[in-house]
Structure formats: structure tokens, C-alpha cells
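*Asks:* The primary structure of each chain is shown beneath.
Protein chains: 2
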Amino acid sequence: MKKIGIIGLGLIGGSMAIDLRRKDYASVILGVENDPVNASAAEKIGLVDRVTTLEECVQESDVVIVSVPVGAALRIVPKVLDIMAVLYPDGGCDKVLMDVCSTKESLAEAVKYHPMRKCYVASHPMSGTEYSGPWAALPGLFDGRACIICDFSESSPKAVRTVEEIYDTLNMRVVYMNSSSHDVHTAYVSHFSHVISFALALTVLEKEKDEKHIFDLASGGFSSTVRLAKSSADMWTPILLQNRENVLHVMETYTGMLDAFRKAMEDADEDALRKLIQDANRIRRIIR
Amino acid sequence: MKKIGIIGLGLIGGSMAIDLRRKDYASVILGVENDPVNASAAEKIGLVDRVTTLEECVQESDVVIVSVPVGAALRIVPKVLDIMAVLYPDGGCDKVLMDVCSTKESLAEAVKYHPMRKCYVASHPMSGTEYSGPWAALPGLFDGRACIICDFSESSPKAVRTVEEIYDTLNMRVVYMNSSSHDVHTAYVSHFSHVISFALALTVLEKEKDEKHIFDLASGGFSSTVRLAKSSADMWTPILLQNRENVLHVMETYTGMLDAFRKAMEDADEDALRKLIQDANRIRRIIR
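Residue numbers (this note's numbering), protein chains in the order written: chain A, 2 to 289; chain B, 2 to 289.
Just so you know, not all the hints are guaranteed correct.
Which copy is meant is left open, so a pair is good if it fits within one copy or across any two.
[Unchecked claim] Subject to a maximum C-alpha distance of 27 angstroms in a straight line, what follows is the list of computed DSSO-like cross-link-like pairs (lysine-lysine):
1) LYS208 with LYS264
2) LYS276 with LYS264
3) LYS276 with LYS208
4) LYS45 with LYS4
5) LYS210 with LYS276
6) LYS159 with LYS24
Everything labelled a hint here was simulated from the structure, so no lab data went into it.
Construct all of the structure, not just a fragment, from the sequences and the given hints.
*Replies:* Now the structure itself:
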């Protein structure tokens with residue numbers, strides 16, 4: 002069993018704490034949390050044994066997990082490596098640092114030349130909900146889902162094995178990918194979905210100014226499409242900023258597809274419209 | 002108890018058949034179905050007592066329900082009224098015709114001056130799934146959902162009361178609206194959601210040509226946003242055609258919102274991006 006330090010006690014960090022304890026992987030869990038309300042809640046719910054400082058957390062933990070929004074992660078990941086460098090001035094650090102961020106390339110750049118780079122493993126467990134904070138933490142959140150480990154050859158094999166053990170404990174299927182590929186993939190199958198959902202919410206909320214009861218008829222289909230628009234600005238602002246090149250590229254293709262629908266509707270071109278919908282229906286193969 | 006005729010034995014017609022029988026509203030249910038496979042299936046499942054011709058169905062039923070795609074409805078609704086006109090050359094028709102289509106304005110135009118207009122009630126039960134055909138029919142599909150009755154002053158009060166009884170039997174909450182308002186509302190909270198979902202499916206399917214494994218990482222968020230892209234082309238092509246002016250208008254606002262996201266990302270403008278997401282988060286009030 003290991004001592005685990007979790008920096009950022011929200012949905013992801015909190016859900017990891019629950020399962021790593023429940024499955025006897027963690028003997029002790031220390032937490033670091035800037036927000037005093039979240040910190041008290043995490044202690045009260047019992048997600049962590051104790052909230053402490055960043056320095057003490059790194060000093061006392063075998064594995065440090067960074068689970069903060071990706072903007073903050075750009076500062077905290079190098080800072081944890083700095084603390085490790087001070088603790089082990091002659092090398093020989095056997096602590097492991099991992100993060101769980103939804104964007105990977107900026108982080109990879111930020112630590113590329115850090116002397117402690119080998120102690121760090123970049124990862125992204127592909128699971129979540131549209132809720133946030135320690136109250137949103139759930140047992141089994143990661144169960145059966147995919148997890149990406151990025152740029153594994155930049156990390157020491159021992160550190161990678163430790164992180165694999167953790168995701169195995171969480172019952173995740175590990176996929177290996179470089180951080181640049183990761184960011185392309187997630188732009189397509191996760192990040193951009195949020196943009197279109199935010200834009201839909203804004204569109205109908207705008208209409209509500211004239212049509213007070215526009216939402217009275219909102220159907221299940223609308224709810225499903227707009228669900229992600231509830232996602233937190235603290236989490237998603239830095240994701241969309243850090244991955245903006247890929248997301249903008251997806252948006253370009255997407256706008257082209259919208260234009261095809263626009264043209265087919267403007268021309269009342271039934272065949273073109275039917276063809277577009279039938280082509281889109283091929284998604285049935287993917288989404289059951 | 003009434004004799005019910007259902008023209009079009011798919012998800013909606015079939016689900017109505019199940020509940021109108023289960024709740025002892027219908028004594029007999031006759032069906033009309035062009036597709037021979039669907040017709041046999043509907044008889045075999047027991048959705049209808051018997052499949053017959055359009056003429057016989059109208060002749061023998063107290064209430065005729067048209068539940069076909071909206072393109073076909075434009076032909077069938079006037080045709081049923083024509084048959085009624087022949088059956089009752091001197092007036093005095095006490096049969097009721099209702100439809101359940103997702104667009105209402107074109108239909109309203111098509112029957113506006115029909116001598117039997119008063120026998121027809123335009124309605125739209127706001128429920129469904131992304132599946133179709135008689136196999137997709139479900140008990141309780143309409144339970145607790147909203148149903149719109151359009152232009153009720155164009156129908157005879159007695160016909161409106163009959164349709165209200167039917168929706169009461171299906172446990173729906175009835176909302177009254179003119180057909181033009183209906184089409185604006187549904188463009189915002191239903192039809193356009195389908196367009197953005199189709200376009201997202203096409204975008205990621207296009208990327209799959211280069212990146213075979215793009216869907217390996219598809220998350221729950223993606224599934225939720227793209228779910229509607231499984232919806233049938235037969236149903237959605239005519240809906241988007243008939244309601245194209247409203248849908249194009251929503252698309253214009255929506256494209257403006259996407260542009261705001263694009264600009265914020267291109268400028269790496271964190272404040273603008275956060276503001277957009279926070280504004281979109283107001284949807285939390287609507288969607289629980």
C-alpha cells in the first residue's frame with residue numbers, strides 16, 4: 002500500500018481518492034486544496050485523511066496526483082518537480098508524479114527539460130460528469146473506461162509501472178499515445194462537443210429574451226445535446242485555450258458540414274439533405 | 002370506447018396504439034401501413050387488430066391518427082379529409098382526424114380551405130426516441146411529456162375535446178399554440194439540435210478516414226452530443242425541409258455564437274472565453 006497525495010480535490014481527484022482507498026491501494030491520502038470550502042468538505046466527506054501544504058504533501062507521499070484545471074496544472078506540475086529536485090539533490094528520487102489533465106501538449110512542453118522529468122507520468126483518465134467539486138466525487142467513476150498515458154518513454158519505466166498499477170486498480174483500459182496525438186483525438190471526441198453544446202445553450206438562451214416560454218417544449222433530444230453546456234468554466238476555459246489549435250481545426254470541418262446543411266435547406270434540396278443525414282447515421286456503428 | 006385508425010405504424014403510431022388499448026380507450030385499432038414488412042410486424046406484435054386500406058380505415062374509425070413522416074402527411078391529411086367529405090356529402094361528419102407531426106405550418110396551409118377542416122386537429126406530442134419502426138414502439142412513451150395542439154379555433158370544439166381526451170389518456174400535458182409559433186419553438190428546442198448532432202457525426206466520421214482509431218476515446222460527453230445523429234433520414238429530411246426557414250434562422254444565431262468561441266480561441270482571450278462558458282452555464286436552470 003502506498004501513501005497518496007492528491008492536489009486538487011474535485012470530481013476527478015475526489016473520485017480517485019474514493020476508489021484507491023476502497024480497493025486498498027492507498028494507506029494514507031493527503032490532499033492539497035486552495036479553496037477553503039472544498040478543503041473542509043473533502044476532509045468532512047472523508048475523501049482525504051488530512052489537507053496539508055503542497056510541500057508537505059510531496060514530501061510525505063509516494064505518489065502525487067495533480068488533478069486541478071489545466072491552467073493551474075501548468076504551474077503546479079513543474080513546481081512539484083522542483084520540490085522533488087530539492088528533496089533529492091543527488092537524484093535517486095523514487096516518488097512518482099502524475100497528472101490527470103484533459104490537455105497534454107502544453108504540459109509536455111512545460112516539463113520537457115526538467116531534470117526530474119523521469120519521475121513524472123502524463124495521463125488522462127477519460128471519464129467525468131458535468132458536475133464538479135468534492136461533492137461530485139463518485140465511487141466507480143473510472144470503471145471500464147479508457148485512460149491515456151502520454152509520452153511514456155520520457156518517464157522512468159518504474160514510474161510508468163506505478164501509474165499503470167493505479168489505473169489497473171481503478172479498472173481502466175490503458176492506451177498509449179504521444180501528447181500531440183492525444184490533443185488531436187480529444188479535440189474531436191470530447192473538447193469540441195463542449196463547444197457546440199455551449200453555443201446551443203447560448204443560442205436558445207438568447208431567444209428566451211423574446212420568447213419567455215421557449216424552454217417549455219424542450220425535449221429529451223435537446224437535453225441530451227445541451228447537457229455538456231453545464232460544464233464548469235474553471236475547467237473548460239483553460240482546456241479550450243490550451244487545445245485551441247486542434248479545436249479550431251475541428252471547428253473548421255464542422256462549419257463546413259453546417260454549411261452543407263444550410264445549402265441543402267436553402268435550396269430545398271431533398272436528395273442532398275437525405276444524403277447528409279444518411280451519412281451521419283453511420284455513427285450508429287460507433288454509438289450504441 | 003372508440004374505434005381508432007392509425008395511419009403509419011412506426012414509433013409514434015405504434016406507441017399510441019399500445020397505450021390507447023392498454024388504458025381501455027380503444028375498442029378496436031385499425032392500421033394503415035405502406036411498408037409490407039412493417040405492416041406484418043405491427044399485426045404480429047399486436048399493435049393493431051388488422052391492417053387495412055386507407056379508405057376502409059377512415060370509414061370504420063371514430064378517430065383517425067396520422068403518424069407518418071411529415072412529407073407524406075402533407076398528402077395524407079388532405080386525402081383523409083377528402084374521404085370524409087365523400088362519406089358525409091351533406092356535412093354532419095362526427096369523425097375526428099388528428100396528426101402527430103413535428104412541423105405544423107405547412108400542414109396548416111395544406112388544409113386551410115378544406116371544407117372538412119373542422120374535423121381535423123393539428124397536434125404534436127413531444128416525445129420520441131432515436132429509433133423507428135413498429136419494433137421501436139414503447140408503452141408509456143408519452144407519459145408526463147408535453148403535447149401541443151395547434152390552431153384549435155380552426156377545429157370544431159367537439160373534435161378538440163376528443164383529441165384532448167386522447168392526450169389525457171396518454172397522460173400528456175397539453176399546450177396550445179398557433180402552428181407558426183410551434184414551428185419557431187421546435188426549431189430552437191428540437192429540430193436544430195438534430196442538425197448540430199448530424200454535423201458533429203459527419204465531422205468525426207470524416208476524421209476517421211485518416212485516424213482509424215479516433216472513436217476509441219469517445220467519451221460519454223461525445224455520445225450524449227452525437228446521440229441524435231442516429232435519427233432516421235426518412236423522418237428528419239422532410240422536417241428540416243418544411244421548417245427550413247426557422248431552422249436556418251436558428252443556425253444564423255448559432256453560427257454567431259460559434260464565431261464568438263472561434264474569436265476568443267484565436268485571440269487566446271481567456272476572459273472572453275470564460276464569459277461565454279459562464280453565460281452558457283445558465284442552462285443549468287433549465288436542464289437538470
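*Asks:* If a hint holds in the structure, say so; if it does not, say that too.
*Replies:* Verification of the supplied hints:
Taking CA atoms no more than 27 angstroms apart as the test, LYS208 paired with LYS264 passes in both settings, with 23 angstroms inside one copy and 22 angstroms between copies. Only within a single protomer do LYS276 and LYS264 lie at most 27 angstroms apart by alpha-carbon distance; the minimum there is 13 angstroms, versus 32 angstroms between protomers. Taking the shortest Cα distances, LYS276 and LYS208 sit within 27 angstroms of each other only across copies (18 angstroms), while inside one copy they are farther apart (30 angstroms). In this assembly of identical chains, LYS45 and LYS4 lie within 27 angstroms of each other by CA distance solely inside one copy; the values are 20 angstroms within and 63 angstroms between copies.
Taking CA atoms no more than 27 angstroms apart as the test, LYS210 paired with LYS276 passes between copies only; the shortest distance there is 18 angstroms, against 35 angstroms inside one copy. Taking the closest pair of Cα atoms, LYS159 and LYS24 come within 27 angstroms of each other only inside a single copy of the chain (21 angstroms); across copies the shortest separation is 66 angstroms, beyond that limit.
No hint from the list above goes unmet by this structure.
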